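J.: If you read the sequence shown in my numbering, its first letter stands for residue 8, the second for the next number, and so on.
If you are wondering where the hints come from, they were derived from the structure by calculation, not from laboratory data. Note that the structure is predicted; figures quoted are calculated from it, not measured. Each hint should be verified, as a subset may be incorrect.
Distance ranges between label pairs, derived from CB positions [as the list claims (entries may be wrong)]:
1) L81 with P61: 26 to 34 Å
2) D18 with N59: 18 to 26 Å
3) D69 with D46: 26 to 34 Å
4) S58 with D18: 31 to 39 Å
Glycine included, every Cβ here is placed at the ideal spot set by N, Cα and C.
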Amino acid sequence: MASCEARWVGDRERAQALISAIEADDPEMFNAELTEMDDGQVELVVRVESSNIPSLQATMDDLLACLAVAEASLEVIHD
8 MASCEARWVG DRERAQALIS AIEADDPEMF NAELTEMDDG QVELVVRVES
58 SNIPSLQATM DDLLACLAVA EASLEVIHD
């Protein structure tokens, strides 16, 4: 079994938008968790488990690409 996680810290609204961006793809591929931080921000943790490393890498690549596009889009909208 192989596993990996990605972490992101920011405001709740943006974190929920990021989750929405990856849930549309395949929500069974990962587990996403939001945790409140002391400074009012949240930490988004996206965890992936797979039976082998090549599959894990492919899944993480897909998720990170979706997150990057979503974050870039949010930057354009908020600027």
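J.: Determine for every hint whether it applies to the structure shown.
T.: Hint check results:
1. L81 with P61: 26 to 34 Å: Holds, since L81 and P61 (Cβ atoms, about 31 Å apart) stay within the stated range.
2. D18 with N59: 18 to 26 Å: violated (36 Å)
3. D69 with D46: 26 to 34 Å: With Cβ atoms ~31 Å apart, the hint holds.
4. S58 with D18: 31 to 39 Å: With Cβ atoms ~35 Å apart, the hint holds.
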